[in-house]
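Let the sequences and hints guide you as you build the complete structure.
Number of protein chains: 2
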Amino acid sequence: MSTYEDLLDISTRLRNIERTVYLLAWDERTYMPRGAVEGRSESKAELSRIYHKLLTSEKTKRCIDELNKESKQAELNRTQKAAVREMTRDFERRYKVPDELIRKMSTVSTMAQSAWQDARNSSDFEHFLPHLEKQVELKKEVAEYIGYENEPYDAHLDAYEPGFTAKKIDGIFEPMKKELSSMVSDILAAELEPGKGVFEGKKFPIKKQRKFCRELAKELGYDYEHGRLDKAVHPFTMGMDDDVRITNRYSEENLSSLFSLTHETGHALYEQGLPSEWYGHPLGKRISMGYHESQSRMWENFVGRSKEFLDHIFSKLCNDFSALKDVSKDEFYRRINRVKPTFIRVEADEVTYNLHIALRYDIELGLFRDDIEPEETKIVWENKMEEYFDKVPEDASQGVLQDIHWSTGDFGYFPSYALGNLYAAQIFRTAEKEIQNLKQKIAEGDFTPLRTWLRENIHRHGRMYRSEEMTQRLTGEGLNEKYHLDYLQKKYEPIYEL
Amino acid sequence: MSTYEDLLDISTRLRNIERTVYLLAWDERTYMPRGAVEGRSESKAELSRIYHKLLTSEKTKRCIDELNKESKQAELNRTQKAAVREMTRDFERRYKVPDELIRKMSTVSTMAQSAWQDARNSSDFEHFLPHLEKQVELKKEVAEYIGYENEPYDAHLDAYEPGFTAKKIDGIFEPMKKELSSMVSDILAAELEPGKGVFEGKKFPIKKQRKFCRELAKELGYDYEHGRLDKAVHPFTMGMDDDVRITNRYSEENLSSLFSLTHETGHALYEQGLPSEWYGHPLGKRISMGYHESQSRMWENFVGRSKEFLDHIFSKLCNDFSALKDVSKDEFYRRINRVKPTFIRVEADEVTYNLHIALRYDIELGLFRDDIEPEETKIVWENKMEEYFDKVPEDASQGVLQDIHWSTGDFGYFPSYALGNLYAAQIFRTAEKEIQNLKQKIAEGDFTPLRTWLRENIHRHGRMYRSEEMTQRLTGEGLNEKYHLDYLQKKYEPIYEL
Chain A
1 MSTYEDLLDI
11 STRLRNIERT
21 VYLLAWDERT
31 YMPRGAVEGR
41 SESKAELSRI
51 YHKLLTSEKT
61 KRCIDELNKE
71 SKQAELNRTQ
81 KAAVREMTRD
91 FERRYKVPDE
101 LIRKMSTVST
111 MAQSAWQDAR
121 NSSDFEHFLP
131 HLEKQVELKK
141 EVAEYIGYEN
151 EPYDAHLDAY
161 EPGFTAKKID
171 GIFEPMKKEL
181 SSMVSDILAA
191 ELEPGKGVFE
201 GKKFPIKKQR
211 KFCRELAKEL
221 GYDYEHGRLD
231 KAVHPFTMGM
241 DDDVRITNRY
251 SEENLSSLFS
261 LTHETGHALY
271 EQGLPSEWYG
281 HPLGKRISMG
291 YHESQSRMWE
301 NFVGRSKEFL
311 DHIFSKLCND
321 FSALKDVSKD
331 EFYRRINRVK
341 PTFIRVEADE
351 VTYNLHIALR
361 YDIELGLFRD
371 DIEPEETKIV
381 WENKMEEYFD
391 KVPEDASQGV
401 LQDIHWSTGD
411 FGYFPSYALG
421 NLYAAQIFRT
431 AEKEIQNLKQ
441 KIAEGDFTPL
451 RTWLRENIHR
461 HGRMYRSEEM
471 TQRLTGEGLN
481 EKYHLDYLQK
491 KYEPIYEL
Chain B
1 MSTYEDLLDI
11 STRLRNIERT
21 VYLLAWDERT
31 YMPRGAVEGR
41 SESKAELSRI
51 YHKLLTSEKT
61 KRCIDELNKE
71 SKQAELNRTQ
81 KAAVREMTRD
91 FERRYKVPDE
101 LIRKMSTVST
111 MAQSAWQDAR
121 NSSDFEHFLP
131 HLEKQVELKK
141 EVAEYIGYEN
151 EPYDAHLDAY
161 EPGFTAKKID
171 GIFEPMKKEL
181 SSMVSDILAA
191 ELEPGKGVFE
201 GKKFPIKKQR
211 KFCRELAKEL
221 GYDYEHGRLD
231 KAVHPFTMGM
241 DDDVRITNRY
251 SEENLSSLFS
261 LTHETGHALY
271 EQGLPSEWYG
281 HPLGKRISMG
291 YHESQSRMWE
301 NFVGRSKEFL
311 DHIFSKLCND
321 FSALKDVSKD
331 EFYRRINRVK
341 PTFIRVEADE
351 VTYNLHIALR
361 YDIELGLFRD
371 DIEPEETKIV
381 WENKMEEYFD
391 KVPEDASQGV
401 LQDIHWSTGD
411 FGYFPSYALG
421 NLYAAQIFRT
431 AEKEIQNLKQ
441 KIAEGDFTPL
451 RTWLRENIHR
461 HGRMYRSEEM
471 TQRLTGEGLN
481 EKYHLDYLQK
491 KYEPIYEL
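These protein sequence lines map, in sequence, to chains A and B. The numbering of the first sequence is the numbering used here, which starts it at 1 and goes up by one. The numbering of the second sequence is the numbering used here, which starts it at 1 and goes up by one.
One or more of the hints may lead you astray.
The list makes no distinction among identical chains, and a pair is therefore deemed to hold if it is satisfied within one copy or across any two copies.
[Unchecked claim] The calculated lysine-lysine pairs, modelled on DSS-like cross-linking and capped at a C-alpha distance of 25 Å, are:
#, residue 1, residue 2
1, Lys285, Lys44
2, Lys231, Lys203
3, Lys491, Lys441
4, Lys433, Lys491
5, Lys44, Lys59
6, Lys196, Lys340
7, Lys231, Lys218
8, Lys307, Lys218
9, Lys231, Lys208
FYI, nobody ran anything at the bench for these hints, they're computed from the structure.
This is how it looks when you write it as structure tokens:
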């Protein structure tokens, strides 16, 4: 075998292990009995050790070193070069960090997660604080090992959005924050409750929701031959090559299941759109977390929460759910697009969502720049909530303790959510230009043009291109927040009579 | 760490990997989408390679060699000695076989299984024959590497029933075959159809069966905190330490689900009865396949198909299933204990079951002794069916092609099923002597005495004792077929008015 083939073989083996870890995780969040936590966590830890050992093995290092030599590079074609580039990246992010530190992170994370659970349950920030301090300290250390463009935080951003830096994010988030805050103020000032009474006091049988959602995913193009839909407390998608599973949750009180379904289906269509000949190949993966989120947000919001989508599904909805009998399509549209500042990120609407992210990003950056101490995060959080939403969470569980990310040490992850919304707007704008009568097609329930366009232009390329290059190729310019802001303005002005 | 601790560490890591392979297998047989076969089989193969590499590693070898030295053995206590004994056994069964041969077996098995599927579907023995020939040839080779007591077949028997030899099995099976054939003749001559009409033409709603089975498993002592019950085409139990899952199947036409449920629950109670401090420990496993089967058969037949059990559940059954409204308890009892020679082993009743096994055992032994050629297996099968049951399968799918075992190369496995029935009878006989009013307790729905007795005397010992030693300790004598035969005679004489 050539060195390149050796590298592909390592990549395939890594993916086989990774897929197994993913199945363990899927099972843990769907069907695993409660008493199996301990054994499961040991199995996952063992598999992670094996994965790490293979990725950072001497054999991998030899392949990587060899294939990065100028003479070897000259022999590789474009795809092979990209494959080596991505494997090198994965390898270096692991290899550069000493094993000792990796073990320490694992221990700290386990303890921090457990402390965070308890702290959130009792709204006791002080209980979590020492763990937050340790995580920040460790992650600063890690950043030094991995290296960064301008500042330590960049090393972590790069894990989720390769090539992104705080400087770049600032250039986008700063104008975005300004515009969004002013939009929120205007909306609050309007004192409207669009679609009031659409869900309130009504019941939507869960069995019918499940059936509706099952069929809807299929209609959007989700392939059940290579996937399945299950229940989960926190919906998620698990992409395992020829096995891409989605989950959803259902409340009898409303139809929010429709939007978590379109969201997860968006993730799943990306995974199912990756080329099968690249399963296990270094390029057979999503570009970035932000790009992944762009796909879920597009199907959730640009499709799922649009007027055209309702043109297609509303009469079927009314047939299935008698509680909607006196509700008009327009009322329903306004209800599912209601803007209501909330303390909780995962419940946020399209307008406020990116402000929740900006708040977290500012704090993370402050921590890594030593502008904010871990003990100050709670008060900074509250001040920013007041600034953006004019309200302050009464307890830490509704504020600084609400997300799991800091307990697991996932600094740099939050921006992906906001980037996802921004990419989605910019990409959808392009899709509208390139697909004839896109909105009309959606109104007719024909989702094939959008899905195939996304597959052709994004999914099938795996991670051949990094996000900035992809955005440039796809939309003719770099990421620009104005598409998100334009979209929100056009959509919400009529709803809030601004 | 001491060498012994090193060995325990290796054992724990092996078990973590094994548990993962088991979960992959469980998922494959319950929830995996159809299109995921390829990726799954690659993941399983990768994990198996990793398992094999660790078990046969130089480090494992060093530990094993060291701990088997006389000087070291003298330092070990009884449990430690047994742990080293079992790890040595597991290690040697793998280490002695060259990697090249293991790879070859894996390839041959994959192809043979696929050919067997096709062959069975089209009832084409010739299509499977070359694969059977290859499997027999390979397994003879393997036997030479592993070593054996008297003859090559013993090497394979030992995989499932450590310490057993063909000679020992012959001593048990020969009288058993004679008795069982004569019992079958008598039963056929009686020309009775006990409980005729109990199920025929009736419907038993599957939803109700599922609920009934779910509650029944709990009543028998199955712990859902560390397990779950799902549907599967072929019911099975997956023991993963703190996570022991059972599966069941349901037919609207009858209540056979009750007996597959009690069967799988029997397996699960064994797994759940293994001591938790031994999870991952070399001794934290079942004694043998035969012993495992003894537990499932005991709960299925000695409990589940007994009169006393019906005293407990029959009125609840009648409440739940209106189709039973004109059926008496006695009729029901006779129906679920009907003896009806069938071509298919997995559908066989208690009386004929071990004859199906004896037939397969005779053929396997013949193949390994070169008394039977692979091409003769079909005709030998048919002749023996005629001898035992006075009927010959019309096509190979109902005969020599019905079981998967030979395609996977699992020669030596079949006897476990029969041994399970024999152990069950002998152990239950002992339980009856040692537990006051055991049958009375069962009639009252009190399964705790039997379960705790089994746990105390069998389950909690893991594989501290090999099956022969366990049988001796437990029942005061070696395995004896007469308990099985006595039990059948006593039970079936009244049913068939013999």
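Hint by hint, here is what the structure shows:
Proximity of lysine 285 and lysine 44 under a CA criterion of 25 Å is satisfied in both settings, with 21 Å inside one chain copy and 21 Å between copies. Within a single copy, lysine 231 and lysine 203 get their C-alpha atoms as close as 19 Å, which meets the 25 Å cut-off; across copies the closest is 31 Å, which misses it. In the homo-oligomer, the alpha carbons of lysine 491 and lysine 441 lie at most 25 Å apart inside one protomer (19 Å), although the nearest pairing across protomers, at 71 Å, exceeds that limit. Proximity of lysine 433 to lysine 491 under the C-alpha cut-off of 25 Å is restricted to the intra-copy arrangement: shortest distance 18 Å within a copy versus 80 Å between copies.
For the homomeric pair lysine 44 and lysine 59, the shortest alpha-carbon distances inside one copy (24 Å) and between copies (23 Å) are both at most 25 Å. Proximity of lysine 196 to lysine 340 under the C-alpha cut-off of 25 Å is restricted to the intra-copy arrangement: shortest distance 12 Å within a copy versus 68 Å between copies. For the homomeric pair lysine 231 and lysine 218, the shortest alpha-carbon distances inside one copy (16 Å) and between copies (24 Å) are both at most 25 Å. Within a single copy, lysine 307 and lysine 218 get their C-alpha atoms as close as 20 Å, which meets the 25 Å cut-off; across copies the closest is 51 Å, which misses it.
Taking the shortest alpha-carbon separations for lysine 231 and lysine 208, both the intra-copy value of 14 Å and the inter-copy value of 23 Å come in at or below 25 Å.
When the structure is compared with the earlier hints, no violation turns up for any of them.
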